[in-house]
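Student: Got two chains here, each in a separate frame; can you build the complex from them with the hints?
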Amino acid sequence: MSERQIQLEVLRYNPETDSEPRFQTYSVPCLNEWVVLDALNYVKDNLDPTVSYRWSCHMAVCGSCGMMVNGEPKLACKAFIHEYGDQIRVEPLANFPIERDLVTVVDDFIGKLASVKPYLIPKEDKPVSAGEYKQSPVELKTFKQYTLCINCMLCYAACPQYGLVPEFIGPAAISLAHRYNQDSRDGGREQRQEVIASHDGVWECSFVGACSEVCPKHVDPASALQQVKVASTIDWYKEHLMPWMKK
Amino acid sequence: MTVAKSNKPIVWGPFAAGGTITAFVTPVLVLLTLFAALGFVPSLLTYENLHAFAANWLGKLVIFGIILLSLWHAAHRLRVTLHDFGIRADTWVAIAVYFIASLGTVATLFYLLRIS
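Chains as they are written, first to last, in this note's numbering: chain Y, 151 to 397; chain E, 132 to 247.
There's no promise every hint is true.
[What the hints assert, rightly or not] Part of the chain Y face toward chain E, derived, beta carbon under 8 Å: (1) W205; (2) L314; (3) S334; (4) H349; (5) S356; (6) A360; (7) S362; (8) V364; (9) S382; (10) W386.
If you're looking for bench data, these hints aren't it; they were derived computationally from the structure.
Each residue gets a CB set at the ideal place from its N, CA and C atoms; glycine is no exception.
Pulled out of the complex, with its shape left as it was, chain E reads as follows (with noise of 0.2 Å):
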């Protein structure tokens, strides 16, 4: 019996990724943005400083990659609950998810490159 070894670790490993990201970073930026609600900000994170980073090329590499691996691990995540609910479209359904996603890294790309 030989079978094609399946191309799909180049969609699971960004998954993977994006999924520890989203574990770990996530819930963090959920509280701070409760506590910034809420009027807690500590100084580390005012404006200044966040606007500061946002403006490093390191810090925009970081805000890019979490923000493209979490909408990746989330539109991945998306297409195969459908099909764990018995949608069988998984071509379209992978087209609608995956360029909602990328539409995503798109706008991201494009304000973290308008912050100087």
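Isolated chain Y, as found in the complex (with noise of 0.2 Å):
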């Protein structure tokens, strides 16, 4: 196994002391097979314990490593050292404010996540003993991809929209919410249009496409939101053309 001398550049940042971010370099000998996280490992077990940033899976499954490698958002479990040069800088998420370190705060996306109601709201409620909601393979399949989102927020780091308009819904979380609205079981798309067909919701994307090329599980954000796009025009003619269509 091959090793390589990194020279790793971490934004360092406490918001209590320091009135600034600043880089910090660090020298890691690498092995090639490695991944950014590994690299960051090294240095909070062998360099310097007050590195802070968040991970667990290990596996690009959990979603907590997110952050700028290169400037580009990736996953650090994801990000692997081969595919770069001796010189790697990470950063944390664009787009969020700094908790500390690499650690952003995520407040304003769970808080979307949380109003868009990614959950099954059930058409009609039934006792357990008739048995189980059935989905046939085929309804399964408009919605399967959106269902692989980790909430890694990359999306959100990448969105210039986001970025421009702090109350854009974003990517994430109006693909979450088509997830559910695309579900045959699901009778929730009344609630969730409130929120993802105003203003702020699905209308400040403009299709940049960001989002669907650093999201590390294929969800396509993008597609989600340009379906969401043309199903929240067609509510609105069939509101405003066909009043006596409405329930």
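Tutor: Listed below in structure tokens is the structure:
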């Protein structure tokens, strides 16, 4: 296994004591098979225990270790050292306030996620004795890719619209709303439309597509948002041109 | 949380329709124009045939629809692009681009109605 000395530039910031963020460089002996998260763990274990960052699963499932690697939103556990030069710069996810070092304040996203009710709201309540809510493979296929979101927020860091308009509900939350709206067992679309069909909802999206480019799970949020736009437009025409269709 | 649903679909509907037309029809028109410029004019697209097409009310409607939606699409795209570039005067940008699109639409109407 080949080893390479990497200069890892880590953004350091403690809002309580520092007036502004600065970069600290660590020289890390990296194995070629390592990912950026391994390099950070090496720093934490051997060079500087004060470096703060989030991580958990180390296998692109938990969505905790999102950060900017050389300016691009990446999961640190999926950013392989061999794809980078000898100098790697890591920063906290763009568009979010810094809590400390590479840890961001994610309250905004969590609030937005909760506001779109990303859970199944059954069309009809059935007693357990009535059996399962059944779904065909074709019905599952309409939304399956949107279930793969791990809430890592890379799409928010990549989205220039979210950077410009912080009120924007954003790619992941709208994609997840769409995931439940498309679910044949769900009846909560009207409630979710209240949020995602608003001005700060899907209509702030200008279809830049950066969300889909950085998504580590290939959710393709941009496609979900385009589908939401089409569906919301059809809603609008139904409501305004055919008011008698209203339930 | 109760927020009013946006009226954005009014502008987005024609924008999406215009985008589809721009993607499928415009390249063909560009190619045919290029061919015509190089002297290759298929008999179907001779001046007489195209004139007859534009003289018919259905032909007029098709031409008008394509130009109106393409212009609307371009105007809205430009508005959004300027927003992406950080130009925040959205109201003024909107007025300017939609005005130009409307001007083109009125001109289209004017010239189409002159063909008989």
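Student: Could you run down the list of hints and mark each one as holding or not?
Tutor: Going through the hints against the structure:
The interface hint given for Y:W205 is violated, since its Cβ lies 33 Å from the closest Cβ of chain E, which is over the 8 Å cut-off. Because the smallest distance between the Cβ of Y:L314 and any Cβ of chain E comes to about 7 Å, under 8 Å, the interface hint for this residue holds. Checking Y:S334 against chain E: minimum C-beta separation of about 24 Å lies over 8 Å; hint violated. At about 4 Å, the closest approach between the beta carbon of Y:H349 and any beta carbon in chain E falls short of 8 Å, and the interface hint on this residue holds.
The interface hint given for Y:S356 holds, since its Cβ lies 4 Å from the closest Cβ of chain E, which is under the 8 Å cut-off. Taken as an interface hint, Y:A360 does not check out: its beta carbon lies about 11 Å from the nearest beta carbon of chain E, beyond 8 Å. Proximity of Y:S362 to chain E is violated relative to the hint, the smallest CB-CB distance being about 16 Å (cut-off 8 Å). Interface hint status for Y:V364: violated, as the beta-carbon distance to the closest one in chain E is roughly 17 Å, over 8 Å.
A cut of 8 Å between beta carbons decides the hint on Y:S382: the least distance to chain E is about 6 Å, and the hint holds. Annotation: interface hint on Y:W386 holds; nearest CB of chain E at approximately 4 Å, less than 8 Å.
Hints 1, 3, 6, 7, 8 from the earlier list are contradicted by this structure; the remaining hints agree with it.
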